[in-house]
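Using the sequences and the hints, build the whole thing.
Number of protein chains: 2
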Amino acid sequence: MSEFRRDILTDRWVILAENRAGRPDEFVPAAPRPIVTPCPFCLGNEQETPEAVACYPPSRAASPHPSWEVRVVPNKFPAVDFSGADPSARAESPTTCDGRGAHEVVIESPHHVVTLSELTDEQVEWTFAAYQDRLRHWQDESDLAYGLVFKNARAAGGASLEHTHSQLIATPMVPVEVAGELARCREYQRKHAKCPICEITIRELTAEQRIVTRTEHFVVCCPFASRFPYEMMVMPSKHASRFEDLEQEVCNELAHLVRHLISRLERTLAEPAYNYWIHTAPWNRGRDVGYFHWHIHLAPRLTRMAGFELGAGYFINPVSPEAAAGRLRCREY
Amino acid sequence: MSEFRRDILTDRWVILAENRAGRPDEFVPAAPRPIVTPCPFCLGNEQETPEAVACYPPSRAASPHPSWEVRVVPNKFPAVDFSGADPSARAESPTTCDGRGAHEVVIESPHHVVTLSELTDEQVEWTFAAYQDRLRHWQDESDLAYGLVFKNARAAGGASLEHTHSQLIATPMVPVEVAGELARCREYQRKHAKCPICEITIRELTAEQRIVTRTEHFVVCCPFASRFPYEMMVMPSKHASRFEDLEQEVCNELAHLVRHLISRLERTLAEPAYNYWIHTAPWNRGRDVGYFHWHIHLAPRLTRMAGFELGAGYFINPVSPEAAAGRLRCREY
Chain A
1 MSEFRRDILT DRWVILAENR AGRPDEFVPA APRPIVTPCP FCLGNEQETP EAVACYPPSR
61 AASPHPSWEV RVVPNKFPAV DFSGADPSAR AESPTTCDGR GAHEVVIESP HHVVTLSELT
121 DEQVEWTFAA YQDRLRHWQD ESDLAYGLVF KNARAAGGAS LEHTHSQLIA TPMVPVEVAG
181 ELARCREYQR KHAKCPICEI TIRELTAEQR IVTRTEHFVV CCPFASRFPY EMMVMPSKHA
241 SRFEDLEQEV CNELAHLVRH LISRLERTLA EPAYNYWIHT APWNRGRDVG YFHWHIHLAP
301 RLTRMAGFEL GAGYFINPVS PEAAAGRLRC REY
Chain B
1 MSEFRRDILT DRWVILAENR AGRPDEFVPA APRPIVTPCP FCLGNEQETP EAVACYPPSR
61 AASPHPSWEV RVVPNKFPAV DFSGADPSAR AESPTTCDGR GAHEVVIESP HHVVTLSELT
121 DEQVEWTFAA YQDRLRHWQD ESDLAYGLVF KNARAAGGAS LEHTHSQLIA TPMVPVEVAG
181 ELARCREYQR KHAKCPICEI TIRELTAEQR IVTRTEHFVV CCPFASRFPY EMMVMPSKHA
241 SRFEDLEQEV CNELAHLVRH LISRLERTLA EPAYNYWIHT APWNRGRDVG YFHWHIHLAP
301 RLTRMAGFEL GAGYFINPVS PEAAAGRLRC REY
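These protein sequence lines map, in sequence, to chains A and B. All the letters of the first sequence, read from the start, carry residue numbers 1 to 333 under our numbering. All the letters of the second sequence, read from the start, carry residue numbers 1 to 333 under our numbering.
Take these hints with a grain of salt, some might be off.
Claimed, not checked - Distance ranges between label pairs, derived from CB positions:
| # | chain 1 | residue 1 | chain 2 | residue 2 | range |
| --- | --- | --- | --- | --- | --- |
| 1 | A | SER160 | B | THR37 | 29 to 35 Å |
| 2 | A | ARG190 | B | LEU43 | 57 to 63 Å |
| 3 | B | ASN284 | A | ARG190 | 50 to 56 Å |
| 4 | B | ARG136 | A | GLU208 | 45 to 51 Å |
| 5 | B | SER59 | A | GLN209 | 50 to 56 Å |
The hints are simulated quantities; they were obtained by calculation from the structure and are not laboratory data. Bear in mind the structure is a predicted one, so any value in this text is a computation, not a measurement. Think of the CB as a built atom: it goes at the ideal place given N, C-alpha and C, for glycine as much as any other residue.
And the structure:
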């Protein structure tokens with residue numbers, strides 16, 4: 001018997017149907033063949049990308065010979081850019097506005113590695129520091145409302161280039177997924193006088209069965225209503241609304257933790273495609289969003305989004321989060 | 001310069017970024033290799049599926065030798081089934097309930113064809129008649145709230161079997177995508193004293209640029225805020241809330257139209273994976289949902305849903321609906 005589960009953060013139902021893991025699949029996904037061309041993200045090919053807006057470690061940025069561990073560049077094929085008109089024009093035409101915003105790429109290593117788990121300590125720390133810096137940079141633009149940091153790894157994760165990288169897209173509107181979580185957090189606070197993510201953290205630590213790991217400042221679980229097999233959520237154990245306010249040492253702890261989680265995924269599954277994205281509070285412009293509890297969603301991409309997912313907005317997950325967490329916990333690191 | 005567009009039915013923003021069509025892709029998707037095994041959906045292999053719940057034409061169902069054009073069977077690996085407890089148990093535990101519901105497969109041809117465009121007139125007509133019959137069948141179950149009819153074609157469309165088929169999943173709750181559209185329709189009606197989809201139909205027919213085709217009873221356009229390249233929406237030109245109430249002749253017209261649209265897609269794009277899903281009104285149980293205007297969403301699957309789409313809930317579409325409709329209109333049929 002399958003089970004419906006509702007996610008209290010999004011109000012979406014998920015169908016856990018473990019029997020579906022056994023169904024036949026006539027389409028054997030042949031591994032996509034990466035084309036061997038000079039990689040624009042590798043050391044020495046800096047001229048293939050737009051000019052860097054940040055380099056790490058910062059001290060080396062000015063050296064005459066390029067020497068960097070992490071490099072941030074504007075996306076060469078941006079979904080949004082900063083040349084459009086201020087979207088206050090939206091007031092007139094509420095269904096369209098210029099694609100104003102920012103679209104940047106964080107190149108996480110000068111070498112051609114294909115997954116975050118292969119980064120050095122220094123590279124993964126600078127990567128997360130770059131996320132913070134770029135979010136802080138763009139929040140000062142008064143007509144931008146939100147910056148989403150996300151990562152697409154491997155072909156089924158939506159990567160178009162193999163070399164490990166993440167992206168930031170800043171937009172004039174708060175994305176609907178974030179707006180939904182914000183509204184649920186506010187509503188939960190009003191009704192229960194507490195934060196739903198603080199509540200989830202306590203409940204999961206008590207129940208134990210969906211906990212993957214914990215560190216001094218973070219708790220990781222497979223969410224109760226996981227949409228994807230082996231989905232994880234990384235939550236700071238102490239309530240905080242903004243990822244970009246993390247102190248450097250705690251941010252380093254987070255960077256190591258995320259690398260560790262991806263390693264665990266890769267020891268559990270064969271070269272999984274994955275995405276992660278950071279849900280931090282919107283740039284509040286005076287509004288209080290302190291009730292929001294920032295977190296990271298990490299989703300391996302083993303299942304396909306098909307007609308039911310698109311038409312219903314619900315997901316069918318063939319691996320229960322209890323089984324997923326159990327398997328992820330077993331993997332020695 | 002890209003453009004943001006808001007969809008008035010879902011309140012979701014889309015980013016139209018045609019420049020992104022030119023970006024390199026290191027991952028050449030190798031065509032998945034269909035395994036050659038006896039297909040459980042082919043004539044003669046009926047014992048490989050659960051027993052049929054309907055066969056078309058109905059007159060031939062009782063004949064001693066199987067002879068059918070379209071056949072409806074319970075899904076062998078159901079996401080939900082009808083053995084679970086009545087979900088009124090939900091009241092106690094609002095975040096979980098048994099996976100009670102129905103999951104059926106409509107096998108659209110006795111022969112091994114892989115896309116709806118290759119069906120005969122009779123087969124495509126019986127397929128749409130089967131959708132109506134099965135929706136009418138399940139709506140009588142008082143603890144089910146909604147039946148979603150959808151189709152996954154080709155591997156990237158989420159099909160696990162190649163033989164052309166569609167599915168119906170009936171659930172005790174109204175899916176969030178439908179609930180959202182319902183709420184927007186009701187709100188629009190309240191504010192503007194008219195139906196937003198009637199309004200879209202009129203506006204699109206006047207603007208012309210996003211119209212793909214029209215027939216006596218239907219209008220097809222590429223939606224103003226299309227999430228997917230070459231996405232289409234099929235709308236009855238006269239307001240109606242329930243697809244399953246269509247008269248047989250008009251339902252046949254619709255069946256031919258959908259086959260025609262898929263043919264056009266396949267003449268425009270190389271063997272595209274695609275999904276479609278029918279948004280009809282929920283089983284209202286006395287509540288008035290007459291303000292809803294049923295329709296079909298048809299989406300080729302050329303782009304990957306990645307971290308931005310999952311984290312933001314917004315889509316980046318590299319083909320404008322104006323360009324898409326223009327190209328689809330050009331294809332002679």
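Against which earlier hints does the structure fall short, listed by number upward? 3
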